[in-house]
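Line by line, the protein sequences give chains A and B.
Per my numbering, the first sequence starts with residue 23, numbered consecutively.
Per my numbering, the second sequence starts with residue 23, numbered consecutively.
Think of the hints as simulated: they come from the structure by calculation, not from any bench.
No false leads were slipped in.
Selected chain B positions facing chain A (in silico; Cβ < 7 Å):
1) A144
2) V151
3) H159
4) C163
5) E167
6) F190
7) L197
8) V199
9) G200
10) A201
11) R205
12) I212
13) L224
14) L231
15) L364
Fair warning: this is a prediction, and the values are worked out from it, not measured in the lab.
Beta carbons are placed, not taken as given, at the ideal position from N, Cα and C, and that holds for glycine.
Number of protein chains: 2
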Amino acid sequence: MTSVPRRGDGTRRKVLVLGGDGFCGWPTSLYLSRLGYDVMIVDDFSRRQIDRALGTDSLTPIRPIAERLAAWEGIGGGRIGFVEMRVGEDYPRLRDLLLAVQPQAIVHFAEQRSAPYSMRSAQEKRYTVGGNVAATHDLLCALAETGLDAYLVHLGSVGVYGYSSTGFPRPEGYLRVGAQTPRGIFETEILYPADPESIYHLTKALDQLLLQYYAKNDRLRVTDLHQGIVWGTQTDETAADERLINRFDYDGDYGTVINRFLMQAALGYPLTVHGSGGQTRGFIHIRDTVRCIALALSEPPASGERVRILNQVTETHRVIDLARLISRISGTPFRHVDNPRLEPEENELDVSNAGLIGMGLSPTRLEDALLTEVSDIARRYAHRCDRSKIPSRSLWHPGLAGGAAAVPGALPTFRQVEAEELEPAMPQEAWHDPQIAAPEAARL
Amino acid sequence: MTSVPRRGDGTRRKVLVLGGDGFCGWPTSLYLSRLGYDVMIVDDFSRRQIDRALGTDSLTPIRPIAERLAAWEGIGGGRIGFVEMRVGEDYPRLRDLLLAVQPQAIVHFAEQRSAPYSMRSAQEKRYTVGGNVAATHDLLCALAETGLDAYLVHLGSVGVYGYSSTGFPRPEGYLRVGAQTPRGIFETEILYPADPESIYHLTKALDQLLLQYYAKNDRLRVTDLHQGIVWGTQTDETAADERLINRFDYDGDYGTVINRFLMQAALGYPLTVHGSGGQTRGFIHIRDTVRCIALALSEPPASGERVRILNQVTETHRVIDLARLISRISGTPFRHVDNPRLEPEENELDVSNAGLIGMGLSPTRLEDALLTEVSDIARRYAHRCDRSKIPSRSLWHPGLAGGAAAVPGALPTFRQVEAEELEPAMPQEAWHDPQIAAPEAARL
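Based on the sequences and whatever the hints tell you, model everything.
Below, the structure is given as structure tokens:
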């Protein structure tokens, strides 16, 4: 519990959660509702629609929004409003909604959020760039036009910084630099130079410039949360009733590396590590995500201030170490496969998160909560898994497909691995209590 | 004349000019055609359409594209192809065009290019962001998807650097900086931090990130030309026949500061200087623009290289000095009016242009060519001017309008000035030979 979300006159603070039916948006909406905010969700069900188009589904059974909302009210969670709308499409409708609701704050999750999905083909690249830019810009434009003094919390990505090794922690959004000039060193503080490695991350870098511009020109109050890879499924609120359960994506596009490993382990397939596994990434548990949003909401920057940027990351790990950890817990071996992404084979990554820690965040660590994911989610719902959806089929670059003689042999190797994945490394019944069954051999 | 635009097999190099019916695109198309390139124009006539919507028109009489192209062929200029298409809308059609034409190079002007227009209202903000991002991204996406090895020359803007005073020249796109870290200074070269002051300039900053990403991920060959304010109307090619004449925009949205002053002078109105006139901007003559494009085309970066960025600016001037110069030439006084833009009242600006100068550009200076603009364009076509269109009505921020008690009195003052502008400061017949009539008093 952070701050009391009441206004001076005793009424509850109204917050719009754009994208509130999604993986981060839904638990955030419930958490803010529990904190006492008057929450209204805006969503276009695009995440559910993409699942239908890809033939995928959340491992956990997601209920229709009306049933979710009724369940929340039914267990005494309070009433949450809902509007079906695609932000970034019908601008007058968005503007009119803002004028009608007069929210004090807006949390903006309404963007396509998968890097592999954004790399599938030209269609998904265009969908991601067009949709994400339009959503963020329409929102900013409507706030500027209406003059509504609503505080905007935007979900960015730690991926805007890029993953090249620098030898120092990624600062929170801004970097103090000096440039050599004929008159001596010119010192200034700049947005950390963007170096995105996927179209999805590129859109978060574009968003940064949009936010920077409107904060400066229209004095909008904005916080940008550069989030790491979110893992975990449940929060206290989503766990309160199965009808409130949160998404667990394990498919090659939307499943994060941890979920993919958990799913492979639950099915007794070897965990597939892209490349050497030396890629280091930042992570955060979904419980911490919702707390961070509440913390960010409780401390808006002043009008006229630059965008406040916080790194929403609690720990960093190398992919190979995640594989080893989950292998140890589950007793499932892992293997290396060709990397479909264009990224450094190895990188070190250290991310400063002093901002949110200073505001009171007490992180959920991977080693504390991973067993719960194994037992309560991956194992429990394993019968709902479509194994064919686990491998990632998005290639970062045509060269990586080995097509047209670019990298001879690359694609066959990759395909071969996918085929092999369909053969279980061990029978599914071999899934057992990790405390007992983690063989030393699996540690490699 | 720069390089011989022939390929190894003796055929002419094919170049697509996107936005080739516009102010920069048209003379570029003719110049490249004259150099021997096989030119195809792609345009959606959006610039002509905006004129109709705003009730404005070029001072010079622009002929329909078919007549323009026939005239060029008629005077022996050669055949230029034309396709009517809005880049950024029908992606498959763009991709198929690229595959059918197989150009060796593409010059990309197909963006909304007026800062004041981009600030008119939410509608124009959305049109500019949506349209410019979609045009650039669709093009990049199509080049990546088709694998076509076409070299892309994109028109950026020197405005991406922002106009804050730094005490050193704006470098060409990249800045070498050092950051203090626990392990010592970390040195790196970064994209010069973007600090756009209008939605239009913001889109050029967004473009930069799009170009950077595709150059890196898909190894596209890209040059980004950060152009200053283009002045002047004619090139040798457009001046060869009146049916080939280039645009001269003098309206408050598309007219640049020089054209607005020239028009006011031609009509005998006092030149209106926004604010103190201490704003320093970078300029380039349209003749030099087309030469720069040809120079850029002749030296593509290699595949895998970062985006090559060149500053397409030949001189910088303070607005007040331009007013004094044109006042002196024309004998028209100038006056200060409230600044509708949110920008520093005064700034120094020095822009490095070593790249294009090193490639052989020999600049056309303001003092050499301004008289031609006065006599051949502003004076000659003054009878076509709609005086009511000269003042800029776009306000950078609602506060500048004095609306809703933000800046009381600001809007009335601004309106008052506009009304006064409709009263000529001197009778129109007072327009005379500037060599004789420039009164000392007008120099201020």
